[in-house]
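Protein chains: 2
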Amino acid sequence: MQLLLGGSCRQLVMATAASLCRRAHGQAGEAGVPKMLWKLGRLNHIAIATPDLKKSTALYRDVLGAEVSEPQALPEHGVRTVFINLGNTKLELLHPLGNDSPITNFLKKHPSGGMHHICIEVDNIEEAVADLQRRQVRCLTERPRTGAHGKPVVFLHPKDCAGVLVELEEA
Amino acid sequence: MQLLLGGSCRQLVMATAASLCRRAHGQAGEAGVPKMLWKLGRLNHIAIATPDLKKSTALYRDVLGAEVSEPQALPEHGVRTVFINLGNTKLELLHPLGNDSPITNFLKKHPSGGMHHICIEVDNIEEAVADLQRRQVRCLTERPRTGAHGKPVVFLHPKDCAGVLVELEEA
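If you read the protein sequences in the order shown, they are chains A and B.
Residue numbering for the first sequence follows the numbering used here, beginning at 727 and increasing consecutively.
Residue numbering for the second sequence follows the numbering used here, beginning at 727 and increasing consecutively.
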């Protein structure tokens with residue numbers, strides 16, 4: 727259900743949908759229950775923090791034979807990235823860039839590197855955030871922000887997601 | 727290139743291929759360089775260890791709206807599993823089963839749960855293991871074993887894979 731409505735009407739629809747969200751997700755397709763206003767999609771990538779970007783790239787390219795991208799510096803996000811193409815999804819190698827990288831502390835705790843987060847696509851991130859907040863799933867920012875790939879993203883609190891840092895990205 | 731050869735001939739081909747592995751993987755398709763005897767495939771799943779299987783299943787099914795499987799007990803592997811279908815790949819929730827579960831220690835170190843391993847498909851696991859051992863990528867077992875889903879698998883040492891426990895599974 728795609729909604730192209732004015733402000734007050736849209737709010738009414740959202741409020742009605744919100745009250746039915748729990749049932750709608752649990753019993754999708756039930757007669758009389760509107761569908762959710764957003765939908766979870768495919769796994770976009772698994773982010774892996776590494777202390778040695780060259781060595782990790784060489785492992786996937788030269789030893790495992792995967793297709794890898796050129797390194798890309800994203801100074802505004804404090805990371806240098808390399809993507810590993812696995813056909814159905816990607817691994818994203820992350821290495822700290824600059825003095826204020828979000829990866830630095832992770833690598834202090836995990837000196838050999840490790841899985842940092844998973845990123846799952848959604849079709850409407852604003853609706854997803856509003857819905858998750860109503861359901862007491864904590865988002866790390868109140869509103870979506872522009873992520874490393876230029877799309878709106880939000881991170882969910884690992885304590886609410888089986889210890890996993892989950893990024894939602896609008897596809 | 728699929729090989730259906732007798733013992734000594736096969737060994738000769740493997741030895742020749744091994745000496746060219748580094749070039750072959752780095753420069754796939756170059757004239758005169760044989761292709762690898764095995765190939766990396768798609769991401770099969772991300773395994774997430776959780777201290778509360780019901781709660782984690784409910785998060786993905788009822789809050790995020792994903793399609794989830796029924797729980798499955800795999801006593802010979804010491805785990806109870808639930809699969810989350812993301813369309814292009816799966817998450818595999820893991821919970822300890824029995825007194826000798828491989829997940830118990832992980833959850834002691836990560837009481838909220840967390841990402842345990844990633845599983846990538848290969849087309850020929852025997853060739854993959856032989857090749858990786860030649861390249862000093864450590865496998866946790868000398869030979870492939872039958873994994874939780876009835877297929878031959880091997881785990882690679884996290885210290886050789888950017889801190890990530892990587893499972894290879896013959897597709």
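Any given hint could turn out to be false.
A pair counts as met if it fits within one copy or between any two copies, since identical chains are not told apart.
SDA-like, lysine to any residue: derived pairs with alpha carbons at most 25 Å apart [unchecked claim]: (1) 765 x 787; (2) 835 x 795; (3) 780 x 806; (4) 834 x 793; (5) 835 x 881; (6) 835 x 893; (7) 835 x 867; (8) 835 x 777; (9) 834 x 860; (10) 781 x 828; (11) 780 x 852; (12) 780 x 838; (13) 765 x 814; (14) 834 x 861; (15) 834 x 891.
Quick caveat, the hints were computed from the structure, so don't treat them as lab data.
What you are looking at is a predicted structure, and each value in this text was computed from that prediction instead of being measured.
Consistency of the hints with the structure:
Taking identical chains as interchangeable, the C-alpha atoms of residue 765 and residue 787 lie at most 25 Å apart only when they sit on different chains, with a minimum of 12 Å there against 34 Å within one chain. Taking the shortest alpha-carbon separations for residue 835 and residue 795, neither the intra-copy value of 27 Å nor the inter-copy value of 34 Å comes in at or below 25 Å. In this homomeric assembly, residue 780 and residue 806 come within 25 Å of each other (Cα to Cα) only inside a single copy, at 11 Å, whereas the closest approach across copies is 37 Å. Taking the shortest alpha-carbon separations for residue 834 and residue 793, neither the intra-copy value of 29 Å nor the inter-copy value of 36 Å comes in at or below 25 Å.
For a Cα distance limit of 25 Å, the shortest separation of residue 835 from residue 881 qualifies both inside one copy, at 20 Å, and across copies, at 23 Å. Taking the closest pair of Cα atoms, residue 835 and residue 893 come within 25 Å of each other both inside a single copy (20 Å) and across two copies (23 Å). Within a single copy, residue 835 and residue 867 get their C-alpha atoms as close as 23 Å, which meets the 25 Å cut-off; across copies the closest is 27 Å, which misses it. Proximity of residue 835 to residue 777 under the C-alpha cut-off of 25 Å is found in both arrangements, the shortest distances being 12 Å within a copy and 22 Å between copies.
For the identical chains of this complex, residue 834 and residue 860 are neighbours neither inside a copy (34 Å) nor across copies (31 Å), given an alpha-carbon limit of 25 Å. In this assembly of identical chains, the alpha carbons of residue 781 and residue 828 lie at most 25 Å apart only when taken from the same copy (21 Å versus 29 Å across copies). Taking the closest pair of Cα atoms, residue 780 and residue 852 never come within 25 Å of each other, the shortest separation being 37 Å inside a single copy and 27 Å across copies. When the C-alpha separation of residue 780 and residue 838 is checked against a cutoff of 25 Å, the pair qualifies only within one copy, where the shortest distance is 14 Å, while the shortest distance between copies is 32 Å.
For the homomeric pair residue 765 and residue 814, the shortest alpha-carbon distances inside one copy (19 Å) and between copies (15 Å) are both at most 25 Å. When the C-alpha separation of residue 834 and residue 861 is checked against a cutoff of 25 Å, the pair qualifies neither within a copy, at 33 Å, nor between copies, at 28 Å. In the homo-oligomer, the alpha carbons of residue 834 and residue 891 lie at most 25 Å apart both inside one protomer (17 Å) and across protomers (19 Å), since each shortest distance falls under that limit.
Hints 2, 4, 9, 11, 14, counting from the list given before, are not met by this structure.
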